[in-house]
Amino acid sequence: MDKRYKVQVKDLHKSYGSNEVLKGINLNVKPNEVVCMIGPSGSGKSTFLRCINKLEEPNSGHVYVDGYDIADPQVDINKVRQNIGMVFQHFNLFPNMTVLQNITLAPVQLGKMSKEEAKKAAYHYLDLVGLREKADANPSKLSGGQQQRVAIARALAMKPDVMLFDEPTSALDPEMVGDVLEVMKNLAKQGMTMIVVTHEMGFAKQVADRVVFFHDGDIREQGTPEEVFDHPQHEDTKNFLDKVLNV
Amino acid sequence: MQSNHWKKFITACIAVLGIVIGWQLVEPQQASADEPTYTFATNNTFEPFEIQDSKGGYSGKNPGIEIEILKKIAKHEHFKYELKPMSFNGDLQALESGQVDAVIAGMSVTDERKQKYDFSTPYYTDGVMMAVAKNSKITSMKQLKGKTVSAKSGTSAALFLKKNQKKYGYKIKYFDSSNTMWNDVKIGNTAATFDDGPVLQYGIKEGVPLKIVTKKPIDAQPVAVGFQKGKNLELQKKINDGIEWLNKTGQMKQIIDKYTKGNKTAKNSAADRTIMGLLKTNRAALLRGLWMTIELTIVGIIFAMIFGIILGVLGIMNNKLAKGVSSVLIYIFRGIPMIVLAFFIYMGLPNVLGHKVPLFLAGVLTLTFDEGAYIGAIVKGGFEAVDKGQWEAARSLGLPYGKALLQVIAPQGFKLMVPSLVNQFIITLKDTSILSAIGVMELTQTGTVIISQNMEGFKMWLIIGVIYIIIITLLTWLSNYVQKRMA
Ligand SMILES: Nc1ncnc2c1ncn2[C@@H]1O[C@H](COP(=O)(O)OP(=O)(O)OP(=O)(O)O)[C@@H](O)[C@H]1O
Ligand SMILES: [Mg+2]
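Read top to bottom, the protein sequences are chains E and D.
Using the working numbering, the first residue of the first sequence is number 1, and each one after it goes up by one.
Using the working numbering, the first residue of the second sequence is number 1, and each one after it goes up by one.
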């Protein structure tokens, strides 16, 4: 494990039955770095992301977050997860709670903050995503874009130092996408370490420090946005970009 | 639901659990002093041998021949006794399992039974008689070919019918109580019924519209107290000494005559037999039965919920052993008919435990396991129906499994379960009536007892049916109210 990296993935393998979905992935993410992951459907991007906070159990390999090996049974995975925020494609807000309760639940339950502190923090993050006035609303009363911004606020309330995003805008109506991406851009500007699976090539070009191209359970190519988008080296990368950029 | 609601709910459950267990532990210990106490199984609808009062006890003026005999003997021989009224089959099972010390239930002494049980000195001679509806043209067994006849299961009448079935070519239908059986003849479902002579005579004297067509009792047999073979010899001796003393002093004849001759036991037949009148006369008994039904339902539901939630939570855990335990228990308890489970707990379990299981506890345990298994399946299904994304969101925030389950999954799952749970609660209420089989004096059993006294089957069952409908309606309203408040 290397202290310079926030997230370090070493030779990660994951199979579902005989279907090998991740074929030995290596990836290092430095503090404050924004990594965008692109690639065709089924190439293993989500699986990779979910291995980082152990929502999926890897078959072999190591994932270090903040120096803790999540594969190590001695490591309290719940502690590690508190430092990894995750945002899902389908938001997954808790429908039995208000927006505010969604955000304060984890900090209060895990003893990170008192109820009062958590409430204050919640309003702070709701300000950040521009939804203060929705604090007492039920999630089902919000638009998709608003729900996703609440989900981001919920993840931020745990004060994580890494944020994982799995296609956060692909379930949204086009006019909602901009607001969510705006929030993510601001986060990146403030120095959050982020790993983002996305089909928003514009966002990747503009915000990413590094673009990683996944293909068939492997990292086929990676580099700065200019390198990957403007001078792709690999045939698979070219094909993929042709398809997504020239629709 | 918020976390403190949960805490309150769980605290309440534990409190109830404590109270019930405490009560159950204290209750059986109140027996006193140096006189030994024996337990007798008896028959709850077997006049003139046993006649329950409206509370299901035998403290009335005319508790029946055998009860009066037992009372006198106990006093004379210095022992105390406790009576367990059940169906005759239940009596025999209870004796075999050692749940009771003896059976005093108009039990006739047959050769077959002599091999299995010990008997006291007989105090009565009993024979089977055949009765038909008042307007029936049947007068002898030869006319029964192809017809349906009835007897109480396990009785000597049943043995007699079985033995002669080929000869006369009838079909046999078995019943658990005389009253239902007679009613079946009255309404024409069965052509003839075979029952103990004195029982029939007594019933007809009390107004049952049947007539006896046998001149002399068939298969006359002595009646005696039954014991487990070779056991309780001390009690056997006391009973025999007591019978001898009663015979010698002429008290035996007095008691028997009181019930079979003249009109001494006749209840006020001028009593009001309208539905309102029946309600008034039996108000206290019905209320007690109703209360027992409600008590069983509430306590049963609470424990079944606890058991069911445990089963449900085990069933969704990421642990093969937990999952296996859950599904095996659900499979077993859903598979066993509740009446079998009740018999097992009340009469089978004491053999393993070495001491008796109090009746109420047996009832609650039966409900807990049977209804709990169904609730377990509902809870498991409800939890599983919650979107997987909810688990992932909760866990990704760092919430441990238990907290994620309690705070996020369970409230959503319960909301999905509510309609099925309400349905199960109503079934639980109805299922309490099955516990009448082991003699719990709930509403149904109360009805059986009352009808055995007043023979008003139609009206009484109508009353009891309506009472059930009313409490089920109330329960449904209550559930809907809770459901609305949760939404
Ligand atoms: N729980 C699972 N069980 C079995 N196979 C799975 C499971 N989850 C994913 N897979 C398979 O793993 C492969 C990679 O899936 P993954 O979701 O990681 O792809 P992806 O790159 O995120 O695709 P998309 O862009 O469509 O989201 C696919 O073939 C998928 O069918
Ligand atoms: Mg995906």
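Careful: at least some of the hints might be erroneous.
Stated by the list, open to error - Capping the alpha-carbon separation at 30 Å, the derived lysine-lysine pairs in DSS-like fashion look like this:
id: 1; chain 1: D; residue 1: K388; chain 2: E; residue 2: K54
id: 2; chain 1: E; residue 1: K54; chain 2: D; residue 2: K403
id: 3; chain 1: D; residue 1: K415; chain 2: D; residue 2: K186
id: 4; chain 1: D; residue 1: K415; chain 2: E; residue 2: K119
id: 5; chain 1: D; residue 1: K323; chain 2: D; residue 2: K84
id: 6; chain 1: D; residue 1: K459; chain 2: E; residue 2: K159
id: 7; chain 1: D; residue 1: K388; chain 2: E; residue 2: K79
id: 8; chain 1: E; residue 1: K23; chain 2: D; residue 2: K388
To be verified - Here are some, though not all, of the chain E residues that point toward chain D, as calculated from beta-carbon distances under 10 Å:
id: 9; residue: S41
id: 10; residue: K54
id: 11; residue: P95
id: 12; residue: Q109
id: 13; residue: K189
Hint data in this document are derived by calculation from the structure and do not stem from the laboratory.
Computed from a predicted model, the values in this text were never measured in an experiment.
All residues carry an ideal CB built from backbone N, CA and C; glycine is no exception.
Hint check:
1. D:K388 to E:K54: Holds: D:K388 and E:K54 sit about 15 Å apart, inside 30 Å.
2. E:K54 to D:K403: The given pair, whose Cα atoms are some 18 Å apart, holds under the 30 Å limit.
3. D:K415 to D:K186: Outside the cut-off at roughly 50 Å; violated.
4. D:K415 to E:K119: Holds - the C-alpha atoms of E:K119 and D:K415 are around 27 Å apart, at most 30 Å.
5. D:K323 to D:K84: Violated, at roughly 40 Å.
6. D:K459 to E:K159: 72 Å, violated
7. D:K388 to E:K79: 21 Å, holds
8. E:K23 to D:K388: 26 Å, holds
9. S41: Given a least distance of 19 Å, the restraint on E:S41 is violated.
10. K54: 9 Å, holds
11. P95: 7 Å, holds
12. Q109: 5 Å, holds
13. K189: 24 Å, violated
When the structure is compared with the earlier hints, violations turn up for hints 3, 5, 6, 9 and 13 and for no others.
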